[in-house]
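Undergrad: Could you slot chain B onto chain A? The hints should help.
Taken in order, these protein sequences are the chains called A and B.
Going by the working numbering, the first sequence opens with residue 1, and the numbers climb by one from there.
Going by the working numbering, the second sequence opens with residue 1001, and the numbers climb by one from there.
Simulated from the structure, these hints should not be mistaken for laboratory data.
One should not assume that every hint holds.
[Said to hold, decoys possible] No more than 25 Å apart at the CA atoms, straight line, and that leaves these computed lysine to any residue pairs for SDA-like:
| # | chain 1 | residue 1 | chain 2 | residue 2 |
| --- | --- | --- | --- | --- |
| 1 | B | 1057 | A | 26 |
| 2 | A | 73 | B | 1044 |
| 3 | A | 55 | B | 1022 |
| 4 | A | 78 | B | 1099 |
| 5 | B | 1057 | B | 1088 |
| 6 | B | 1057 | A | 52 |
| 7 | B | 1057 | A | 78 |
| 8 | B | 1022 | A | 47 |
| 9 | B | 1057 | B | 1110 |
| 10 | B | 1057 | A | 28 |
| 11 | B | 1057 | A | 1 |
| 12 | A | 55 | B | 1095 |
| 13 | B | 1057 | B | 1018 |
| 14 | A | 70 | B | 1097 |
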Amino acid sequence: AQTVTQSQPEMSVQEAETVTLSCTYDTSESDYYLFWYKQPPSRQMILVIRQEAYKQQNATENRFSVNFQKAAKSFSLKISDSQLGDAAMYFCAYRGQLFMEYGNKLVFGAGTILRVKS
Amino acid sequence: AAGVIQSPRHLIKEKRETATLKCYPIPRHDTVYWYQQGPGQDPQFLISFYEKMQSDKGSIPDRFSAQQFSDYHSELNMSSLELGDSALYFCASSSRGQPQHFGDGTRLSIL
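Chain A extracted, bound-state conformation (with noise of 0.2 Å):
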């Protein structure tokens, strides 16, 4: 079965610096997805970024961007510039290659609550 794991239960980062948020993940499938979800206090799931496993370049979001090490099976999140409003529960979740047209479930990791410091 495939695994994330989130070893960062929380992190801090100071307004308008730079945080890493770290998640590996384990699976025997070549294809797969990887996203980041964004939970606010208000418990809103708000996706982030996303990355296909095939793809070779990492994904850009704006101030969000990710660093996809596929052979050690490590999807970490950078957010630039951090703003107040970046402070939040970050999920790291896994979703395996579609199979026959049939949605595949996301796999979360325990998360890691990001604090903005003012």
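TA: This is chain B only, laid out in the frame that chain A set:
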């Protein structure tokens, strides 16, 4: 843009009662997922439906059942509620393998 709609937003029940949670996916999304998030935990997959057929099943108790209707909305039925069922229940939808979009969740509290 239209989002996933869940109702009710909050629900309070007593032990051994039943509850029904509803989910209206984003239009033209063909897959619906249900997740349960306990306090301080990550979301756990319960069940999913593709084109109104159950497509995958996770750690869903036998006391729970779900279905997807002809208009693609889905309902999660929960019976014989227990204190441990208190959680945030998310519905998510997707289309053709695109990323899942989550609703705002239903917070279920069991007294």
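Undergrad: So, for every hint listed, does it hold in this structure?
TA: Going through the hints against the structure:
no.	hint	result
1	1057(B) / 26(A)	21 Å, holds
2	73(A) / 1044(B)	22 Å, holds
3	55(A) / 1022(B)	36 Å, violated
4	78(A) / 1099(B)	20 Å, holds
5	1057(B) / 1088(B)	18 Å, holds
6	1057(B) / 52(A)	24 Å, holds
7	1057(B) / 78(A)	33 Å, violated
8	1022(B) / 47(A)	22 Å, holds
9	1057(B) / 1110(B)	24 Å, holds
10	1057(B) / 28(A)	20 Å, holds
11	1057(B) / 1(A)	14 Å, holds
12	55(A) / 1095(B)	21 Å, holds
13	1057(B) / 1018(B)	21 Å, holds
14	70(A) / 1097(B)	21 Å, holds
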